[in-house]
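Asks: Sequence:
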Amino acid sequence: MKIAIAKDMLAAEKRVAASPETVRKLESLGAEVFVVTGAGATASMTDDMYHAAGAQIVSEDEAYKDADIVLRVRHPSANELGKMKKGALMIGILSPYQEKDLVKAYAKQGVTAMAMELIPRITRAQTMDVLSSQANLAGYRAVLEASVEFGRSIPLMMTAAGTVPAAKVFVMGVGVAGLQAIATARRLGAQVSATDVRPAVGEQVQSLGATFVMVESEETKTAETSDGYAKEMSNGYKEKQTALVAETIKKQDIVITTALIPGKKAPVLITDDMVKSMKTGSVIIDMAVEQGGNCTLSKLGEVVNVNGIKIVGHLNMPSRIAVSSSVLYSRNLLSFLTPLIDKDTKELKINWEDEIVKASMLTRDGSVVHPNFI
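My numbering applies: residue 2 is where the sequence shown begins, and numbers increase by one.
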């Protein structure tokens, strides 16, 4: 069984799909591991480290040739896809909602494509949950990015020259990324508040020492999906929440937005007028910029200055902390792949009816099989 570790070439992607640690564990499952030259360089994982772990360091062509399994971070280019053999199992964060044409291309190539971000949030799949592992690090990094852009200190400082007040940080969206952003901002000494449409997360916010801000209504009682995501709310609720946020946001120094709805454009949380109401020197970190943005004035991959307010739209926040995110992602992949390999024969033995397999599988045997993309 041959496993290829891809070198991801997408813009702003610094992560890698295997670490030396997981290479050793993949080999213990009976695999030969072939790592594309330089695949882990941007995540501080050198070819020598992979070689010491037992992997073979080869060109992309050689890695993909006859590979039974291809592990990668993001979706492949057309050129990469063309190098994979019919029947190969490709696993990665494949962004099928954004790359629907590529899903058809996977089927045409005869590749069995599995998207890690579609793995269901069930107890058995917790160690495979890439959305949580990557969002956790992204929330942490977002606070650090804000502190760099912010022209003042974050914690309260009492000095002989006078007192520097604590920064006020407002986190919008209390999922995994939002909770980590709250925790990190609190550790840095900020005065933190947060908002979400799900009242159930209020207790989590308060347990981290932050203040919970939200409009409560009958609608919020059913504002969470079975997977734990926030639902899209009615226009009437959005108007009430917008009014509350507009008043809250005026007082903030740093705002971090994390709101995403799977498969849909990110909801608008911060309007032009809200931005203009903020104090000069304030910072907005839009973590949803790659899905359209939570702020109307954010720009993909740019730091925009609007009347002295900085709006940060960095691409791929987890990749900005590439070493840690690669380590966790590679473990997610290992957890996902291990049950698919027979312990006795050391070959792939996939239970196609397993709920995790069915939920994540996009294509098989030359056809698109996931109901959301047929």
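Treat the hints as calculated values from the structure; they're not laboratory data.
Some hints could be false.
Simulated crosslink set (DSSO-like; lysine-lysine; CA at most 30 Å straight-line) [what the hints assert, rightly or not]:
1) Lys265 / Lys311
2) Lys241 / Lys169
3) Lys347 / Lys66
4) Lys26 / Lys344
5) Lys280 / Lys251
6) Lys169 / Lys109
7) Lys87 / Lys101
Asks: For each hint given before, does the structure comply? Return the numbers of the non-compliant ones in rising order.
Replies: 6
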